[in-house]
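We have chain A; now place chain B onto it with these hints.
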Amino acid sequence: MNLVQGTNSGDQREIDKNKTATLMNIGAVHMAVHDFGAAIGTLTEANELMPNHPKLLIRRARAFIGRGEFQKARADVDLVESFEYLDPREISAVQNEINKAEHAAFRAERAIAKAAFSG
Amino acid sequence: MERGAEESGAREFRERVLASGAEAQRNVAPYLEIPVLRRIIKTFTNDTRGDFEKWACNPLVLEMLKRAKSALDEGRLTEQEAETVMIGSLLDGGKASGSGNSSGGSKPGGNSGGKKVRVETNNLVSALNEHVQLRMRGNSLYEQRRFPESLRTYTEGTNWGFLQPSSNVPKSRHTVLSLSWLLFVHTSRYTRLTLSFLHRKRFLL
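Chains as they are written, first to last, in the working numbering: chain A, 1 to 119; chain B, 120 to 324.
Bound conformation, chain A alone (with noise of 0.2 Å):
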């Protein structure tokens, strides 16, 4: 696909939805091993191909969330729940999940500074 090129730009418009399309699939095979960096790496890719596909944009804020960058993931959902296209519960349940890993992570990470000064 990185050697194909249309003669139109429909037909490129075309390659390019397909790449991005198996981008986005990379990203999610990615995610379910968790390579949440690999995730972002691709899909990022795939973004700069199709700038600003809701369900891109959401797929990379999860793999965000699995890096632990809440901050990231919020920006992408944010620019998602900008173009009222998806589902409002869908970008809820994005939200959710953001709030509950940040929370988890901060829990996490409060343990370890109790630990480390208990001692």
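None of the hints are false.
So the derived label-pair ranges between C-beta atoms look like this:
#: 1; chain 1: A; residue 1: Ala105; chain 2: B; residue 2: Ser127; range: 54 to 62 Å
#: 2; chain 1: B; residue 1: Asn248; chain 2: A; residue 2: Asn96; range: 33 to 41 Å
#: 3; chain 1: B; residue 1: Gly140; chain 2: A; residue 2: Asn52; range: 48 to 56 Å
#: 4; chain 1: B; residue 1: Glu262; chain 2: A; residue 2: Asp87; range: 17 to 25 Å
#: 5; chain 1: A; residue 1: Lys114; chain 2: B; residue 2: Arg264; range: 34 to 42 Å
#: 6; chain 1: A; residue 1: Lys17; chain 2: B; residue 2: Leu181; range: 29 to 37 Å
#: 7; chain 1: A; residue 1: Ser92; chain 2: B; residue 2: Lys173; range: 42 to 50 Å
#: 8; chain 1: A; residue 1: Lys17; chain 2: B; residue 2: Gly140; range: 32 to 40 Å
#: 9; chain 1: B; residue 1: Leu181; chain 2: A; residue 2: Ser82; range: 51 to 59 Å
#: 10; chain 1: A; residue 1: Glu14; chain 2: B; residue 2: Glu134; range: 36 to 44 Å
#: 11; chain 1: A; residue 1: Glu69; chain 2: B; residue 2: Gly169; range: 39 to 47 Å
#: 12; chain 1: B; residue 1: Asn177; chain 2: A; residue 2: Lys55; range: 33 to 41 Å
#: 13; chain 1: B; residue 1: Arg264; chain 2: A; residue 2: Ala105; range: 23 to 31 Å
Simulated coverage check for chain B against chain A, where a stretch passes if three residues somewhere in it have a Cβ under 8 Å from a Cβ of chain A:
#: 14; region: 243-252
#: 15; region: 257-263
#: 16; region: 267-273
To be clear, the hints were calculated from the coordinates, so they are not data collected in a lab. Glycine included, each C-beta is placed from N, C-alpha and C at the ideal position.
Chain B in isolation, oriented as in the chain A frame:
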């Protein structure tokens, strides 16, 4: 030196053919005696996964070979003619024609290297179909939680499974093409010109 490399290449090719299954050997056997077709078959050995049989047992590939052979047998095209045209084309700067051609311009979408292949709409459709099939296979593997295989399939889709030079083969030489592209393009200029020549003669499509 060159002769030695040629002999070694021929020996390697023979070994690869002999190592393949009986069906694959039977399929390619009638075409091996024709140098032009043998060169095309030789490119099958450069499959990224070393899967010679995948190509040698592919009905569309076999159909293409059959039609090319029949054209040569019936005198509509001679090997000499093919050679002359190919050499002429090479001296002419290798102006590839036909439905697809390669150029060394900027990378599409700023992606990985290699020559770009410009593809006409009608040819793009079959290639995209093939690509969608790869994705569907990847999806199915993903659902089965076979993630490594799924990733491999998707990656193959991203690379579109073609024009990936094998590590031990010089880039300018034989490279396996995905079926849809086999008829149109090739990184090996020599074979590409053969194919484009055959295509011009309307034997292949």
